[in-house]
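If you're matching positions, the sequence shown starts at 64 in this note's numbering and goes up one per residue.
In short, the hints are calculated from the structure, not lab data.
Heads up, none of these hints are tricks.
Computed list of lysine to any residue pairs in SDA-like fashion (alpha-carbon distance at most 25 angstroms, straight line):
id : residue 1 : residue 2
1  : K289      : P274
2  : K215      : H355
3  : K215      : R234
4  : K293      : T315
5  : K288      : T324
6  : K218      : D246
7  : K289      : G276
8  : K289      : D321
9  : K288      : N231
10 : K289      : R311
11 : K218      : N406
12 : K215      : R253
13 : K215      : R359
14 : K289      : D229
15 : K288      : Q190
16 : K215      : E188
17 : K289      : R302
18 : K218      : V260
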Amino acid sequence: MTTSDSDSSVNGRVTRSTLPRMDRTDPPGYLQRYREREARSEEIPSAEMLDLERTESTPLYLRRFRDRKSGANALEERVPIWEGQDLGVTNAYSQITKTKEIVPESPEQAGAVLTTQVHIIRHGETQGYSTESGLTPLGGWQVHRRGFDISKSIKNDEQIRIVCADTNRARQTAEGIRRGLLDGLTMWDRTAQISEVTPLEEFRNFQVWTPEGLRDVTGAFRLYKKEMEKYERVALGDRPTWLVEMDRFWSTQAGGADPITLWTQIPMLNFEPPSATVRRFWAGIQRIMAEHPGDRIIAATHSGPIRVFTINAFGYDAGEPYNTEEVIVRMMSNNSAFIAYRNRVQEVMVPNLEELPDWWAGLSGRALPPSLRAEG
Numbered sequence: 064m065t066t067s068d069s070d071s072s073v074n075g076r077v078t079r080s081t082l083p084r085m086d087r088t089d090p091p092g093y094l095q096r097y098r099e100r101e102a103r104s105e106e107i108p109s110a111e112m113l114d115l116e117r118t119e120s121t122p123l124y125l126r127r128f129r130d131r132k133s134g135a136n137a138l139e140e141r142v143p144i145w146e147g148q149d150l151g152v153t154n155a156y157s158q159i160t161k162t163k164e165i166v167p168e169s170p171e172q173a174g175a176v177l178t179t180q181v182h183i184i185r186h187g188e189t190q191g192y193s194t195e196s197g198l199t200p201l202g203g204w205q206v207h208r209r210g211f212d213i214s215k216s217i218k219n220d221e222q223i224r225i226v227c228a229d230t231n232r233a234r235q236t237a238e239g240i241r242r243g244l245l246d247g248l249t250m251w252d253r254t255a256q257i258s259e260v261t262p263l264e265e266f267r268n269f270q271v272w273t274p275e276g277l278r279d280v281t282g283a284f285r286l287y288k289k290e291m292e293k294y295e296r297v298a299l300g301d302r303p304t305w306l307v308e309m310d311r312f313w314s315t316q317a318g319g320a321d322p323i324t325l326w327t328q329i330p331m332l333n334f335e336p337p338s339a340t341v342r343r344f345w346a347g348i349q350r351i352m353a354e355h356p357g358d359r360i361i362a363a364t365h366s367g368p369i370r371v372f373t374i375n376a377f378g379y380d381a382g383e384p385y386n387t388e389e390v391i392v393r394m395m396s397n398n399s400a401f402i403a404y405r406n407r408v409q410e411v412m413v414p415n416l417e418e419l420p421d422w423w424a425g426l427s428g429r430a431l432p433p434s435l436r437a438e439g
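Assemble the whole structure, with the sequences as input and the hints as a guide.
See the structure below:
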């Protein structure tokens, strides 16, 4: 507050009095701070402005009010369903396939020659897993597109061998890939010898034992539901082990979790072990290489075996493959192979199946499977 001067006369004497003045040239402190905040809000985002204003002296209620108003409070933000939900499918796919490292080529690798290239491909989108259903219209487009993309890398007069698992969705995937290959080769004006689709048991899905014999885990779904209803309706008593494990597997999926992860991490006595599926895949690759040396191999199969095949190569779980996502195996002349999945490449030694251990050797009695027990 400022003052003003005025003159007055008392008993003939002139005195000077000082009066308060209400006008001022500088704004009050609170107004000055308000103007500064407004100026900053035009230059920087509101969230950053709140961070600048946030001090230890700011009352807690005022901080919470500003957070609610700006939406900056992390406690009130929704937790994302998955970390890539804001990226879209394409961006999410690129995030998980981003190159993590660059490994220089060793002198031993430089002298090796590519002998066979293998494409292990998951089937296209299917109508469901509870029945032996085929592909959806989108799945048909996916597999045709995958075959068309592979055709871009095929050279003239190359020989291609197409195999698949013995399920409808895998067979339709292989046939769709074959049609895509033929259409692509026609567009690029190239010629290649493409075999018909051949089902091979080495590339089948992982199996589960049932009273009717070994079944694909999805092919046994109807039997599982029928037996579960019978036990619940008639109250027959304790369920057999295979039914308990099947119920655990399918209940995991019904609860929103991943049953394939359950299979890879929890030993189940009536399910085919993950290591056995890896051995089958290598056996199938080596079988085709022996029968058709130099041919490119395309195998349409299922996500579970593909996943454990990559786990065995990388030493960690790289995740569930998308529909028609592929694993590329480059078989080299020095008995090694390069396995590529989601932009990660790992060199492995091709296993000698004859030297792998026989886990039944030296066992007798009930420790052996019934088939081997009968032979003894």
